[in-house]
Every structure is written in structure tokens, then in C-alpha cells.
Amino acid sequence: MMAISVPDMRDMRKIIHVDMDAFYASVEQRDHAEYRGKPVIVGGPPASRGVVAACSYEARRYGVHSAMPSAQAHRLCPQAIFVRPRFEVYRRVSLEVQEVFREFTGIYEPLSLDEAFLDVTGNTRWGGSATLIAREIKTRIRLRTGLTASAGVSYNKFLAKIASGMNKPDGLFVITPEQGEAFIAQLPVGKFFGVGKATEERMHKLGIFTGEDLRLRSEEDLVRHFGKTGRFFYGIARGVDERPVIAERERKSLSKETTFEEDLRDPAPMLACLLELSAEVAGVLRKEGLKARTMFIKVKYADFKQVTRSVTLENPMSEFSDMQEEIKGLLQKTDIKKKPVRLLGFGVSGFVNEAMEHTKSQANLFE
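Heads up: the sequence shown at position 358 corresponds to 358 in the working numbering, and the numbers run straight through without jumps.
In case anyone wonders, no lab produced these hints; they're calculated from the structure. Each statement offered as a hint is correct.
Computed spacing ranges between beta-carbons, pair by pair:
(1) R243 <-> L216: 21 to 27 Å
(2) D335 <-> K287: 30 to 36 Å
(3) A272 <-> G350: 22 to 28 Å
Every value quoted in this text rests on a predicted model; they were computed, and no experiment measured them. All C-beta atoms in this analysis are idealised placements derived from N, C-alpha and C, irrespective of residue type, glycine included.
Turn these sequences into a full structure, and let the hints guide you.
Following this line, the structure appears as C-alpha cells:
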């Protein structure tokens with residue numbers, strides 16, 4: 001049996017969950033003034049078999065939501081503006097947001113391009129107030145990206161994530177340790193982390209509709225019905241979630257790719273595309289103070305067969321100018337002159353920290 005004990009107040013963590021508001025759609029509305037205030041759907045066009053990747057709050061009022069078939073979304077909201085996703089743009093904005101996170105803590109865990117957990121327990125600025133820190137994070141995100149984010153503040157990941165969705169958009173909601181159990185007691189079980197539609201239905205059949213109903217069940221009972229996850233449910237029903245915020249792992253590789261609407265047959269635009277992708281990669285390397293020993297390209301042909309070509313350099317590089325000739329050589333080693341191409345990608349690996357390289361060169365100089 002798992003021992004459950006509420007932590008001492010002095011040991012409480014300070015966790016923030018930041019969730020960008022209608023992220024993809026908001027980026028499109030930011031970049032296209034004519035979309036603002038109108039229902040925007042990011043995803044496949046209505047006549048396709050595509051789905052909704054994201055939608056603006058104006059579209060949500062009509063019942064549109066992510067993962068919905070585009071055709072159904074069009075029936076619900078015929079006046080909606082359908083936009084193809086620009087994932088490279090969303091990734092760049094996501095990196096800007098992560099730069100803001102790093103100004104407050106090194107312990108942040110991105111869950112996707114548009115949300116992350118932050119552990120600010122050790123941050124003593126703003127009087128150590130996680131609420132004031134969250135407010136400042138939201139302000140800096142808005143000033144640098146032109147976008148709004150919602151934030152939830154609490155003493156564990158479960159409650160922080162629930163809190164971030166309470167006052168969307170541009171919301172800030174706090175659940176203190178004193179409020180935790182009472183807040184969970186009235187929460188519908190469908191809102192619980194790890195409770196999908198099927199699990200929610202099983203709980204309802206057992207007479208479990210709220211956190212209070214869940215708390216009245218024994219651990220053995222929950223494990224019998226839900227397996228190991230039952231132990232987790234037993235804990236969070238009592239406001240206990242000891243999952244740590246896992247800081248972003250060390251980067252092993254960095255790549256960018258793009259899929260074309262129509263297959264490419266001319267090598268010239270293929271090279272231009274790879275050079276553009278490599279320029280983006282070089283920008284990230286400079287920001288992170290990294291150099292790379294290996295570069296590679298990825299080519300997916302119209303028949304969906306895929307090849308990669310790579311080269312490892314004697315001297316690590318980070319500048320776009322260092323990449324151009326190598327990219328041309330790698331591209332010539334593929335079948336682009338014989339087969340049309342549907343996707344191209346460029347990447348680097350084998351990283352070296354520039355600061356460390358500088359330190360080593362100084363050490364060698366004085367040996």
C-alpha cells in the first residue's frame with residue numbers, strides 16, 4: 001500500500017503551469033490583421049480529410065475544437081477562416097516563450113510547443129511569491145510575442161495544470177495548500193489528470209463523480225478497478241502529487257523540416273529550401289551557444305521512401321556560411337534528379353558548447 005501523507009507547509013513546492021491561449025490560432029491572428037476577431041481554424045481545409053489542429057476562441061463558440069474533422073468544423077462554423085499550420089513559426093515563438101521561462105528558473109518542463117511546468121520554489125525574487133512570478137512571466141510573454149498566456153499556480157503539477165485552465169484566456173488562478181483538498185473535492189473526475197472518456201465512464205458506473213467521491217474510496221478498491229493508476233488517483237484525491245518538474249534534457253540533435261504542398265522536381269528550389277532550414281538551425285545554435293560536428297539532410301520522395309545523408313566535420317560549426325557548401329554536396333548524393341520530392345529536412349548533431357571550447361583553447365594556450 002502506498003503511504004500518503006500531506007507534506008509540511010514549509011516543504012511545499014511552488015509550481016506554475018503556463019498554457020498559451022489558442023496558440024496556433026493566436027499566432028495566425030497576430031501575423032494577419034484581417035483574421036483578428038474572426039473564427040480561425042488551423043488545420044486541413046474543409047474539403048480534405050484533415051482535422052483541426054487548433055482554433056481561435058471565436059471558433060470555439062460554435063462548438064469547434066481540436067482533433068475535430070475539418071469538414072465537421074466547417075459545418076458548425078461555415079464562416080471560419082481555414083489556415084494551414086506553420087509549425088516552423090510556432091516553434092520559433094515557442095523558443096521565445098522558453099527564453100522567458102529561463103529568466104525565472106532552470107527547472108522547466110515543456111509538455112508541447114504551447115505549455116510547460118515551472119518549478120520556482122528556489123526563486124527569491126518578488127518576495128518568493130509564485131503568484132507574482134507567474135504574473136511577470138505572463139507580462140513578458142505578451143510584450144515579447146504579442147500573445148497571451150494563462151497560468152496556474154499551486155503546490156503540485158496536478159493542481160497547477162487544473163488552475164491554468166480556470167480563467168482562460170489571459171487568466172491567472174492560484175490554488176493554495178490550504179485550498180487544495182476542498183478544491184479537489186468539488187472537481188468533476190473528468191477534469192482529473194489521467195482520466196479520459198473511458199475511465200470517466202468506468203468511474204461513473206462505480207458512483208464516482210467528483211473528487212470527494214474518489215477520496216472516499218480505499219486505495220485497494222481503486223487499484224482493483226484501475227490498476228497501478230489507482231494509486232495515483234488515491235493520492236491526488238488527497239491533494240498529493242509528488243511528480244517532479246523534469247528539466248529539459250540535454251539536446252542531442254537539432255533539425256528542421258518542411259513538407260511541400262506539391263512535390264518538387266527542380267533541384268534549385270530544393271537547395272533554396274535546405275539553405276533556409278539551415279539558416280534557422282544556425283540561429284538556434286547561436287542562441288544556445290552550441291557548435292555541431294555533424295550535419296545531415298533528410299529527403300522523402302513522392303513514393304514516401306526516405307533517405308538521409310550526413311557529413312562529420314573536423315572543426316565544429318555553427319554559422320550558416322559554414323553549412324552551405326556541405327549542403328550542396330549532400331544533396332548531390334541523393335536521387336533528386338530522378339525522383340520528385342515531398343519533404344526536405346536539415347539537422348545537426350554532435351554538439352560542442354562554445355564556452356567550453358573557448359575554455360579548452362585557453363588551457364591549451366597556457367600549457
